[in-house]
Amino acid sequence: MIEYIQGKIDSADPQQAVIDVGGIGYRLAISQSTYAAISGKEQVRLYAHELIREDARTLYGFASRRERDLFLLLIGVSGIGGGTARLILSALSPDDLIHIIRREDAALLKRVKGIGPKAAARIIVDLKDKVLLLMETAGEPSTATDAAAHAAAAHAAAGAEEAMAALTMLGFPPAACQKMVRQILTEQPTLPVEQIIKLALKML
Numbered sequence: 001m002i003e004y005i006q007g008k009i010d011s012a013d014p015q016q017a018v019i020d021v022g023g024i025g026y027r028l029a030i031s032q033s034t035y036a037a038i039s040g041k042e043q044v045r046l047y048a049h050e051l052i053r054e055d056a057r058t059l060y061g062f063a064s065r066r067e068r069d070l071f072l073l074l075i076g077v078s079g080i081g082g083g084t085a086r087l088i089l090s091a092l093s094p095d096d097l098i099h100i101i102r103r104e105d106a107a108l109l110k111r112v113k114g115i116g117p118k119a120a121a122r123i124i125v126d127l128k129d130k131v132l133l134l135m136e137t138a139g140e141p142s143t144a145t146d147a148a149a150h151a152a153a154a155h156a157a158a159g160a161e162e163a164m165a166a167l168t169m170l171g172f173p174p175a176a177c178q179k180m181v182r183q184i185l186t187e188q189p190t191l192p193v194e195q196i197i198k199l200a201l202k203m204l
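First residue of the sequence shown: 1, per the numbering used here; consecutive thereafter.
Among the hints, erroneous ones may be present.
As the list claims (entries may be wrong) - Beta-carbon label-pair distances, calculated as ranges:
hint: 1; residue 1: Gln183; residue 2: Gln43; range: 18 to 28 Å
hint: 2; residue 1: Ser78; residue 2: Ser11; range: 33 to 43 Å
hint: 3; residue 1: Lys118; residue 2: Met203; range: 52 to 62 Å
hint: 4; residue 1: Glu42; residue 2: Pro189; range: 43 to 53 Å
hint: 5; residue 1: Asp105; residue 2: Gln188; range: 50 to 60 Å
hint: 6; residue 1: Gln43; residue 2: Ala175; range: 47 to 57 Å
hint: 7; residue 1: Asp10; residue 2: Val125; range: 35 to 45 Å
In short, the hints are calculated from the structure, not lab data.
Everything numeric in this text was worked out from a predicted model, so none of it was measured.
Positions of the beta carbon are idealized from the N, C-alpha and C atoms, including for glycine.
All chains should be modelled from the sequences, with the hints used to inform the complete structure.
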């Protein structure tokens with residue numbers, strides 16, 4: 001099994017690249033994301049995966065391990081072949097694809113050429129937990145961490161809205177109220193609404 005191919009770029013376009021390794025040219029199918037990453041470089045390393053079918057043998061190349069990992073996950077979904085997986089990774093960066101799957105945003109996924117409603121649904125259902133594991137392996141925030149961050153943001157937004165409404169009803173200018181409340185929440189994002197109002201009254 002080939003882990004990666006490192007050498008000089010002989011030629012490249014958004015669909016394939018030929019890498020010269022000691023006088024031997026390896027042709028790899030690539031995504032537009034990988035093409036953008038290697039454009040302008042002379043020496044590159046592409047992480048590889050060879051896909052063998054009855055009628056074809058294709059070597060795929062990826063600018064990062066993460067992109068290759070997502071490719072492997074995608075081709076594990078029923079009905080998604082190497083060509084379709086490459087199209088998905090051409091239309092979406094690895095990070096964008098992960099976030100779309102985690103948000104279960106089938107509408108965005110369906111914008112990719114060749115991905116219909118059923119395929120989008122299968123990708124989301126099959127890969128939602130797997131991309132989370134991929135993120136945790138890479139040392140990114142877990143679901144619990146994300147949930148806590150979203151909860152904190154929602155709390156701050158709700159508190160800001162309630163505090164500004166109360167201050168406006170007391171006759172203070174909306175623009176000034178908004179400025180003060182934002183300043184307070186920037187420094188103390190978990191402050192209760194009552195305390196936000198008291199601090200704002202002292203500042204206004």
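Do the hints match the structure? See the list:
no., hint, result
1, Gln183 x Gln43: 18 to 28 Å, "violated (50 Å)"
2, Ser78 x Ser11: 33 to 43 Å, "holds (35 Å)"
3, Lys118 x Met203: 52 to 62 Å, "holds (56 Å)"
4, Glu42 x Pro189: 43 to 53 Å, "holds (48 Å)"
5, Asp105 x Gln188: 50 to 60 Å, "violated (33 Å)"
6, Gln43 x Ala175: 47 to 57 Å, "holds (56 Å)"
7, Asp10 x Val125: 35 to 45 Å, "holds (41 Å)"
Hint violations for this structure: numbers 1, 5, all remaining hints satisfied.
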